[in-house]
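Protein chains in written order, with the numbering used here: chain Z, 1 to 189; chain U, 1 to 582.
A portion of the hints provided could be inaccurate.
[Said to hold, decoys possible] Capping the alpha-carbon separation at 16 Å, the derived lysine to aspartate or glutamate pairs in EDC-like fashion look like this:
1) Lys194/U x Glu100/Z
2) Lys68/Z x Asp319/U
3) Lys194/U x Glu55/Z
4) Lys194/U x Glu171/Z
5) Lys143/Z x Glu180/Z
6) Lys325/U x Glu177/Z
7) Lys184/U x Glu207/U
8) Lys339/U x Glu136/Z
9) Lys399/U x Glu475/U
10) Lys325/U x Glu57/Z
11) Lys379/U x Asp152/U
12) Lys60/Z x Asp319/U
13) Lys476/U x Glu497/U
14) Lys64/Z x Asp319/U
15) Lys194/U x Glu174/Z
16) Lys194/U x Glu180/Z
[As the list claims (entries may be wrong)] Not everything, but these chain U residues come out facing chain Z in the computed CB check (under 8 Å):
17) Tyr52
18) Ser120
19) Gly121
20) Met138
21) Leu498
[To be verified] Negatives, chain Z to chain U, calculated, CB over 10 Å:
22) Asn19
23) Gln148
24) Phe149
25) Leu175
Honestly, the hints are just simulated from the structure, not real lab data.
Glycine residues also receive a C-beta, built at the ideal position from the N, C-alpha and C atoms.
Okay, here's what each chain looks like letter by letter:
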Amino acid sequence: MKKEFIITTYSENHIGLTNRITIILTRRQVNIESLTGSESALPGIHKITIVINEEEEKVKNIVKQIDKIVDVLKAFYHTNEEMIYQEIALYKVLTKSLMESDEIEKLIRSHNARILEITPEYTVIEKTGHKEETQELFQGLNKFGVLQFIRSGRIALTRSPIEKLSEFLKERDELLEKVETRSKLRKAN
Amino acid sequence: MTTKEKETKRSQQQDVEITGSEAVIRSLIAEGAEVIFGYPGGAIMPVYDALYDYRNALRHILTRHEQGAVHAAQGYARVTGKVGVCIATSGPGATNLMTGIADAQIDSTPLVCITGQVTSGLLGTDAFQESDVVGLSMPVTKWNFQITTPEDIPEAIAKAFYIAASGRPGPVLLDITKDAQFGKLKYKYAKCHKIRSYVPEYPVNKEKLAEAATLINEAKKPFLIFGQGIMLGEAERELKGFIDKTGIPAAWTLLGLSALNSDHPLNVGMLGMHGNYGPNIKTNECDLLIAVGMRFDDRVTGTLKTYAKQAKIIHIEIDPAEINKNVKTDVALLGDAKKILRLLTHIVSPNKHKEWVKEFKQAHAIEDKKVIQSDLYPKKPGLTMGEVVRRVSEYTKNKAVIVSDVGQHQMATARYSKFTQPRSHITSGGLGTMGYGLPAAIGAKLGEPNREVVVFAGDGGFQMTIQELGTIAQEKLGVKMVILNNHFLGMVRQWQELFFEKRYSFTEILSPDFVKVADAYGIPGNHVSDRDKLDDAIKVMFETEGPYLLEVNIEKDDNVFPMVPAGASVSDILLSPEDATK
């Protein structure tokens, strides 16, 4: 059964890496629901979060293929329940509609949204939340006409207390020391 | 000191200011490259200019097409176990490499491909001979990288060789802009031994090893299947040691061929679509399937729905992404085949499995009667591919390097040539690249100059890279070429006959007189159509020094059997066309 999964990758920040990751998905006819990239807590290490709708077996294989990319340090997948996640949405409405009644103000209050900018012509509203929440606000506001709407990709954190990236790098270093590849063995000979 | 030694010594000087292009050549020499294949052109000219000063230390083979260069590098890599190197210019030069790179990716062949690129300031401007080579090669390389500054060259080449050869090998592409080739750097070379984001192999898990040993000791009908991983992991001796101790019959994939001596009593033959009868049907009768260094390709498994469902499965594999990709395993042993087989051999109990091995012999007897006898000793006048392949193999005392192209003759070659040494069978497996054979044989001969190298090709595939006869003539390479000519694109014709109601859509192919073509290049050759002249023709071919082309006329109805039809179960293997129409 298909459901939503969050794929997280830690990687070197190299040109073209996002492309290498996404072609693994496109080759398998998997659509990307959202994709977000940014630097992680550790300088030089890049974090990419991808949301896809797939069967878990397929997700497992995809994550292994991503993990295999030389510049990828580690790839994981999680269900929505296993992560804390958030998206951000921006809405542009006519300031006139805002002024005409208190309906938009009520919507902003009840959805815990906020106003970013007001000009005589338009007003920009911001809302963070899950997709259903930002979508609900869009539907509410659109009764008065939304001029522009944009939603970000998902950002997500695991529920473990700290990002164990530095520990991971230490373990990785120990692993690489331990593994005697053929080239190392040949060198020893 | 010879010129070669002088050049090599010069290439080893460190901390000197040189051009990026000279750094390319020096780095290749530092990585132990001795032969490289390529074709010059605008954007790679600085590298070719630098090569001119090292042409004795680094032998360059000018092929007639970049596809020839990359397949030759593959053939070289496959016989030697070293990284194959090829060079091409930007744009069309680079795109012509792609088929070979894709072939190397799916067949895990270590390659470093170097392409020239337009000056960095022109990137993305649709400059003359510019193409996005990094983008184009991304899905078919293990790693690729664009170099735009000379300082990055030594480190990138060191990384490229390390990545290409370690873990599960594969092709790497480096795209070097012209300004990086022209620019200067202070040259210093250090080999790469570690990349933090890349784990080439994992240490052996001792608990899993014990689980596997228990399964092996308890099995009544264990069956081992192996792929190229045995040779890539240099585990031929360990494989033999393991089966000798456990008495487990072993079968090979197309790319696993030659890892185990053909006449080893436990070598039960080939798996898959045109494999042997026993290995296919016994896959669905064994109680334990031990897969080593292979990836359960669909041409091996047939439909997965009925594949080895009755058996426990142990998968010994270096690439974690292959575990549970196609077939669910009970025990996955991740890591190097050599180490795992050695450890496993220590802890398993000795066994003979006499009755079980006998079952394979009985299956072989059925196949022998229904297929092999008429392939090798036909009663009909026309020559068969099988008999030609077997005669050639016997003439070389099964010691030759045998290269094949793709199609019917490829299957006949795999079924009927015999091997006594590993890394002796070179073919395009996963990608099935017609035109692979002739250039791969060039690379194989350069890698193994003291062994006989024979390439079997069909009349179709040979014409796809026929221009490489020029390379063979120029380099005076003693490649023995045997064209098995049935005047058809035989494998497609076979499928049309069996599955497309004999509608032979565009499979009849007109060919030149191949012997005359060879003659135009100054390569001797001969035709043979009669059985009683075959042995003599083969003898003359091997006794002639240097290259030789033997064109053999083959019966066009000579189809390849047994056959597991695409999407069928390995149990439903057909032994004859009559089986197909049942």
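Consistency of the hints with the structure:
1. Lys194/U x Glu100/Z: At roughly 66 Å apart (the allowed maximum being 16 Å), glutamate 100/Z and lysine 194/U break the hint.
2. Lys68/Z x Asp319/U: 8 Å, holds
3. Lys194/U x Glu55/Z: The hint is violated at about 35 Å.
4. Lys194/U x Glu171/Z: 14 Å, holds
5. Lys143/Z x Glu180/Z: Given pair lysine 143/Z, glutamate 180/Z is violated - Cα atoms ~65 Å apart, limit 16 Å.
6. Lys325/U x Glu177/Z: 28 Å, violated
7. Lys184/U x Glu207/U: 53 Å, violated
8. Lys339/U x Glu136/Z: Given pair lysine 339/U, glutamate 136/Z is violated - Cα atoms ~58 Å apart, limit 16 Å.
9. Lys399/U x Glu475/U: 23 Å, violated
10. Lys325/U x Glu57/Z: 9 Å, holds
11. Lys379/U x Asp152/U: Outside the cut-off at roughly 65 Å; violated.
12. Lys60/Z x Asp319/U: At roughly 14 Å apart (the allowed maximum being 16 Å), aspartate 319/U and lysine 60/Z satisfy the hint.
13. Lys476/U x Glu497/U: 41 Å, violated
14. Lys64/Z x Asp319/U: 9 Å, holds
15. Lys194/U x Glu174/Z: The given pair, whose Cα atoms are some 11 Å apart, holds under the 16 Å limit.
16. Lys194/U x Glu180/Z: Since the Cα atoms of lysine 194/U and glutamate 180/Z sit roughly 11 Å apart, the hinted pair holds (cutoff 16 Å).
17. Tyr52: Check failed: Cβ of tyrosine 52/U comes no nearer than 30 Å to chain Z, outside 8 Å.
18. Ser120: 13 Å, violated
19. Gly121: Constraint on glycine 121/U not satisfied, violated at 17 Å.
20. Met138: 6 Å, holds
21. Leu498: 30 Å, violated
22. Asn19: 6 Å, violated
23. Gln148: Glutamine 148/Z clear of chain U: closest Cβ-Cβ about 30 Å, beyond 10 Å.
24. Phe149: At roughly 32 Å from the nearest Cβ of chain U, phenylalanine 149/Z sits farther out than 10 Å, so the non-interface label holds.
25. Leu175: 6 Å, violated
Hints 1, 3, 5, 6, 7, 8, 9, 11, 13, 17, 18, 19, 21, 22 and 25 from the list above are not met by this structure, while the remaining hints are.
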